[in-house]
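Residue numbers (the numbering used here), protein chains in the order written: chain A, 890 to 1597; chain B, 156 to 555.
A portion of the hints provided could be inaccurate.
The calculated SDA-like cross-link candidates involving lysine to any residue, where the alpha carbons are at most 25 Å apart (straight line), are [what the hints assert, rightly or not]: (1) A:LYS1464 <-> A:GLY1421; (2) A:LYS1501 <-> B:ILE397; (3) A:LYS1050 <-> B:PRO301; (4) A:LYS1464 <-> A:LEU1439; (5) A:LYS894 <-> A:LYS947; (6) B:LYS465 <-> B:ARG437; (7) A:LYS1501 <-> B:ASP313; (8) B:LYS348 <-> B:GLY220; (9) A:LYS1418 <-> B:ILE397; (10) B:LYS383 <-> A:LEU1490; (11) A:LYS1131 <-> B:GLU447; (12) A:LYS1466 <-> B:GLU398; (13) A:LYS1501 <-> B:GLU447; (14) A:LYS1474 <-> B:GLU398; (15) A:LYS1131 <-> B:ALA377; (16) A:LYS894 <-> A:ALA926; (17) A:LYS1488 <-> B:LYS383; (18) A:LYS1131 <-> B:GLY220; (19) A:LYS977 <-> A:GLY946; (20) A:LYS1243 <-> A:ALA1262; (21) A:LYS1488 <-> B:ASP399; (22) A:LYS1440 <-> A:SER1390; (23) A:LYS1488 <-> B:HIS401; (24) A:LYS1205 <-> A:ALA1128.
Since the hints were derived computationally from the structure, they do not count as laboratory data.
None of the values given here were measured: they were computed from a predicted structure.
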Amino acid sequence: MRHLKIDTAPDGIATLIMDHADESVNLLSDAFQDEFAAAITDITADDNIKGVILASGKSAFMAGADLRQLVQGFDKLTVKQAYEVSQKVSKLNRALEQSGKPWVALINGFALGGGFELALACHYRILADDPKAIVGLPEVNVGLLPAAGGTQRLIRIAGVKAAADLLLSGRPIKGAEALALKLVDAVLPAAEMEAAARVWLATAPSPIKPWDVKGYAMREQRGLIIPEYSAQLMMATGALAKSGYHVAAPAAILSTIYEGAILPFDKALSIESKYFAKLLTNPVSRNIIRTTFLSKGAAERGAGRPAGIAKTEFKKIGVLGAGMMGAGIALVSAQAGCDVVLIDRDVETASKGKQYAATTFAKRVAKGGLTEAMMQEMLARITPTDDFAMLQGCDLIIEAVFEDIAIKADTAQKAEAVIPATTVYASNTSTLPITKLAEASARPDQFIGMHFFSPVERMGLVEIIKGAKTSPATVAAAIDFVAKLKKTPIVVNDSRGFYTSRVFQTVIHEGSAMLEEGVPPAVIENAAKAIGMPVGPLALLDEVSFDLPLKIVEQAIAQEGDTYVVPAGVSALNKMKAHGRAGRKAGGGFYDYPAEGGKHLWTGLADLFPAKDDYDVEELKQRFLYAQSIETARCREEIVIETSEDGDIGSIYGWGFPAWTGGTLSYIDTVGIETFVRECDRLTQRFGPRFTPSPWLRDRAAKGQGFY
Amino acid sequence: MQAYIYDHVRSPRGKGRPDGALHEVTSVELVTQLLQAVRDRHQLDTSLLDDVIIGSAQPVGEQGGVLARAAVLNAGYAQSVAGQQVNRFCASGLDAVNLIAAQVHAGMIEAGIGGGVESMSRTQFGYDTGAWTSDPRIAFHNHYAPQGIGADMIATMDGFTRADVDGYAVESQRRAAQSWQEGRFKQAIVPIKDVMGEVLLDHDEHMRPDTTIEGLAKLKPAFEGMGKGGFELVAMDRYPQIEDLHYVHHSGNSSGIVDGSGLVMIGSKAFGERAGLKPRARIRSFASIGSEPTIMLTAPSLVAHKALQKAGMQVGDIDLFELNEAFASVVLRFMRLLNVPHDKMNVCGGAIAMGHPLGATGAMITGTVLDELERRGQSTGLISLCAANGLGTATIIERV
Chain A
890 MRHLKIDTAP DGIATLIMDH ADESVNLLSD AFQDEFAAAI TDITADDNIK GVILASGKSA
950 FMAGADLRQL VQGFDKLTVK QAYEVSQKVS KLNRALEQSG KPWVALINGF ALGGGFELAL
1010 ACHYRILADD PKAIVGLPEV NVGLLPAAGG TQRLIRIAGV KAAADLLLSG RPIKGAEALA
1070 LKLVDAVLPA AEMEAAARVW LATAPSPIKP WDVKGYAMRE QRGLIIPEYS AQLMMATGAL
1130 AKSGYHVAAP AAILSTIYEG AILPFDKALS IESKYFAKLL TNPVSRNIIR TTFLSKGAAE
1190 RGAGRPAGIA KTEFKKIGVL GAGMMGAGIA LVSAQAGCDV VLIDRDVETA SKGKQYAATT
1250 FAKRVAKGGL TEAMMQEMLA RITPTDDFAM LQGCDLIIEA VFEDIAIKAD TAQKAEAVIP
1310 ATTVYASNTS TLPITKLAEA SARPDQFIGM HFFSPVERMG LVEIIKGAKT SPATVAAAID
1370 FVAKLKKTPI VVNDSRGFYT SRVFQTVIHE GSAMLEEGVP PAVIENAAKA IGMPVGPLAL
1430 LDEVSFDLPL KIVEQAIAQE GDTYVVPAGV SALNKMKAHG RAGRKAGGGF YDYPAEGGKH
1490 LWTGLADLFP AKDDYDVEEL KQRFLYAQSI ETARCREEIV IETSEDGDIG SIYGWGFPAW
1550 TGGTLSYIDT VGIETFVREC DRLTQRFGPR FTPSPWLRDR AAKGQGFY
Chain B
156 MQAYIYDHVR SPRGKGRPDG ALHEVTSVEL VTQLLQAVRD RHQLDTSLLD DVIIGSAQPV
216 GEQGGVLARA AVLNAGYAQS VAGQQVNRFC ASGLDAVNLI AAQVHAGMIE AGIGGGVESM
276 SRTQFGYDTG AWTSDPRIAF HNHYAPQGIG ADMIATMDGF TRADVDGYAV ESQRRAAQSW
336 QEGRFKQAIV PIKDVMGEVL LDHDEHMRPD TTIEGLAKLK PAFEGMGKGG FELVAMDRYP
396 QIEDLHYVHH SGNSSGIVDG SGLVMIGSKA FGERAGLKPR ARIRSFASIG SEPTIMLTAP
456 SLVAHKALQK AGMQVGDIDL FELNEAFASV VLRFMRLLNV PHDKMNVCGG AIAMGHPLGA
516 TGAMITGTVL DELERRGQST GLISLCAANG LGTATIIERV
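Extracted from the complex, chain A is given alone in its bound form (with noise of 0.2 Å):
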């Protein structure tokens, strides 16, 4: 056996380390499931065995199924493999608890997923005493379910109620409300783990499961019999609308839980595979795994990152400007460790950036997330001053100053006079391009841009972009920084608006567009978040306002004059500001901000903009998306992004494009290119050339060739 190891006692106690040997955790793998399964044949048939220890040979007991298979699941099987998959797994657990022996699980670390789906088949828990060992069933937020036996045996230790919150939530469990919940017996320090599960062991206890002994029969098996459960139900379901409709886990968690309660527990544990397999086989799963988990987390690792170049480190760090964004940047940048000169025109301005911080530590003190002494050693490293000559020894500089090239060439010239001639120069831009910033700059091999976005600290995307002659050591030493962060990088090419900022804002100029269609904005807004959008385009234009859109417009005319399309949605806006409505900081835009109740849609639209009632509200949704994933299509074929995962993470963490869709290209690859292409050109009939292919999406759709 490679990945697990047993050794019998005399005393007839077996204990079964499990051990993955070619991996950090323990992961559900084909090799390893064989090995268990194997091993617990072997267990069931020796008659000296009277108990099993059940342990990690891991910092963590396990993490559960490999989602680098689980992503390859939409492609390659049919619904009824993928019921197999589950199947499989499913029965070993089986097996385990029908061994005939008992078995005790030793958590001594995360037991997450399918870790802890095996740990609900043995039939005594316990769980370290310790804040990383914690339990629960994660799977609904990768659009699975637990498959394993999970959502069966967790209806019927905790209850449907908790059960649900449970599953649907995904959160994890901590000791104390483990045991309050019966997901565990016992919460005891690692250490006296093992000796606790001889004395359970030495009292034999049953090792028949209370669903495996006739008669046995929870509340719920009587299904909508019950009229309390049929309306906890009711309501369960009506909060399914809170997750949105494109996603299909939640639901069938429900389902799975009604109608699994219903059944008998072998066909319980069938009807859970059934509908794991449906969402397997479902592009959504595939899609928030391959973005959210495999493509991120490849990112953070440094897959943007040039090969060959040395790691640098960073421990200080001179942020310029101390505004909204620079405050942000100092706070992260200190609570990663580097200690930050920031500065400003005077040093009361640059202490109002400090200031930022203070107070968003002070708000986690009080919540518990940090102690009065971390708070004080992390603001210690923040130096709020006007003095450039304090960036000495700077080992990356990070300039937020206004958005203005002049102010932001001079900004440079005075940090290049003082920093150490290896340092990188990155400038906080999110439009104005990095190849002319980089002109101003003595060594713009150097330069280089990092958009960040707001609020810094909650925002976990940074758009690293090269300019002309930004050095690959460059971007390799942005990228380390954004690592130390614990950020997100992606890595685009100059280009106007670079890529996040420009794909957004077609997202906003569809919505006034539709607004000067005559769609009324109620239905523009709902459309926008039935697809999964946190708030609408409307309300996104008003907090932006409008100047931005529109000065971006403006530059875009300077710039390229004729040839310039002027975005389809512009001159709603210029009707909006000639009527003093431009955006939420000018008093109010496409809605009012009472100062009692919240907002709403300002009356005056129906005026402005006199409805229809010819829109389909499909259609509607479908242009939010195609024109971002057009866009985004535009941006990889003028390698401003130069991978599909770029594309894919910055759409999800830049600018909240719905994760359901894997980001802007893979709805692309969700719709089919070919469906895409020949839906954009019926759109294109319809709206106009910005939803256009290109010869090259025409191309690459001709021979079916998507973005993965």
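Given chain A, work out where chain B should sit, using these hints.
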């Protein structure tokens, strides 16, 4: 073959709560006492009846098991009288009437009694459960939302304000009180007795004739909690034109929760001759329809058109309308869409004032409109109810 209404009776409506006067009376006993009243009024030879169909919106527990048959036997009717249970949610009682009429129309029976019963204090709302609300696979994909959300959706999209729906409710109370004062229900009401034979209730117990708009304004909206629990998102996914759901309905402008039963006796011409009874009205047409299930309550105007078309009639041909006051917005919408003036609609008050014993109401309001047509010397009436999951039923009667 024509189907004629020969008589109808109803129980008073008791508050559907443990302190309601009818709470101690079983559902089968409510129907039993009405069946006996029909027989005794006319010294009817019950063997002339072919079928008794009783509708209940909660046909479970003591209302289950084909209650009609148990009531027939308990009432001492001839054992040849068949029994049947129907459920089309709130329209059940009217559908029971229509099913008897249909059998007479078809010439397959000579006479029968259709009606309904609901003891909401005993078989509480929701006891019948069902896949449509609670099987996640069905309810999720069908965009199920509770009735009250649908009522508020109608108010939101049709622009009925809180003052509009409360104003309608006050008028329902005023009309109901006036009708009782004038004895308009006298002919229909059968007082309900306890096991000793003592009268428990002889009037509708739920009414609040002193209701004012100011008083109603103090009531909290009833369905906001459910809406915020997720159902308003269900509603907005189906109706994206809703920016914010306006919660305007509450217990004062929605139908009252009550206990009660109602019956309508229908037969052919020949039956009347044999039983020595005079027909009072004929069934001109009836129809049922399905409409969009999330908003749930907008079928009445559609099914009214369908019934009118079957009868070859226009809206203007109807003298009086009875549309169950499930929620104020349901009636306001119907009047707007069909251009029906308020003085032709629910002229004796409705379920907001007197209560809505779910499966019984259809039969009750059939009787109400017939009595009122006679009192006014008018001819035609249209009865309709919205029912759960987008259903609706309507019947048109004409005095003979």
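For each hint, the structure was consulted:
For the proposed pair LYS1464 of chain A and GLY1421 of chain A, the alpha carbon gap of about 28 Å is over 25 Å, so the pair is violated. Between LYS1501 of chain A and ILE397 of chain B, the direct Cα distance comes to roughly 15 Å. Compliance with the 25 Å bound is thereby established for this hinted pair. Restraint check: the Cα-Cα separation between LYS1050 of chain A and PRO301 of chain B comes to about 21 Å, which is no more than 25 Å; the hinted pair holds. Proposed proximity of LYS1464 of chain A and LEU1439 of chain A is supported: the alpha carbons are some 12 Å apart, at most 25 Å.
A distance of roughly 13 Å separates the Cα atoms of LYS894 of chain A and LYS947 of chain A; the hinted pair therefore holds under the 25 Å criterion. Between LYS465 of chain B and ARG437 of chain B the CA atoms are separated by roughly 14 Å; this keeps the pair inside 25 Å, and the hint holds. Note on LYS1501 of chain A and ASP313 of chain B: the hinted pairing holds, with a Cα-Cα distance of about 16 Å set against a maximum of 25 Å. Taking the CA atoms of LYS348 of chain B and GLY220 of chain B, the gap is about 24 Å. The hint holds against a cut of 25 Å.
For the hint pairing LYS1418 of chain A with ILE397 of chain B, the CA-to-CA distance comes to about 13 Å; that is within 25 Å, so the pair holds. For the proposed pair LYS383 of chain B and LEU1490 of chain A, the alpha carbon gap of about 20 Å is at most 25 Å, so the pair holds. Of the pairs offered as hints, the one joining LYS1131 of chain A and GLU447 of chain B holds, with about 21 Å between alpha carbons and a cut-off of 25 Å not exceeded. About 23 Å separates the Cα atoms of LYS1466 of chain A and GLU398 of chain B, which keeps this hinted pair within 25 Å; it holds.
Restraint check for LYS1501 of chain A and GLU447 of chain B: the C-alpha separation of about 22 Å stays at or below 25 Å, so the hint holds. A C-alpha spacing of about 22 Å is found between LYS1474 of chain A and GLU398 of chain B, which places the hinted pair at or below 25 Å, so the restraint holds. Pair hint LYS1131 of chain A plus ALA377 of chain B holds up; C-alpha atoms about 21 Å apart against a cutoff of 25 Å. A hinted pair counts as satisfied when its Cα atoms are at most 25 Å apart, and LYS894 of chain A with ALA926 of chain A qualifies at roughly 13 Å.
Distance restraint check for LYS1488 of chain A and LYS383 of chain B: the Cα-Cα separation of roughly 17 Å lies within the 25 Å cut-off, and the hinted pair is therefore satisfied. For the hint pairing LYS1131 of chain A with GLY220 of chain B, the CA-to-CA distance comes to about 39 Å; that exceeds 25 Å, so the pair is violated. Restraint check: the Cα-Cα separation between LYS977 of chain A and GLY946 of chain A comes to about 24 Å, which is no more than 25 Å; the hinted pair holds. At most 25 Å may separate the alpha-carbon atoms for a hinted pair to count; LYS1243 of chain A and ALA1262 of chain A meet this at roughly 17 Å.
Straight-line distance between C-alpha atoms of LYS1488 of chain A and ASP399 of chain B comes to about 10 Å, which keeps the hinted pair within the 25 Å bound. Proposed proximity of LYS1440 of chain A and SER1390 of chain A is supported: the alpha carbons are some 13 Å apart, at most 25 Å. Restraint check for LYS1488 of chain A and HIS401 of chain B: the C-alpha separation of about 14 Å stays at or below 25 Å, so the hint holds. For the suggested pair LYS1205 of chain A and ALA1128 of chain A, the alpha carbons sit about 48 Å apart, so the restraint of at most 25 Å is broken.
Hint check: violations occur at hints 1, 18 and 24; the rest are consistent with the structure.
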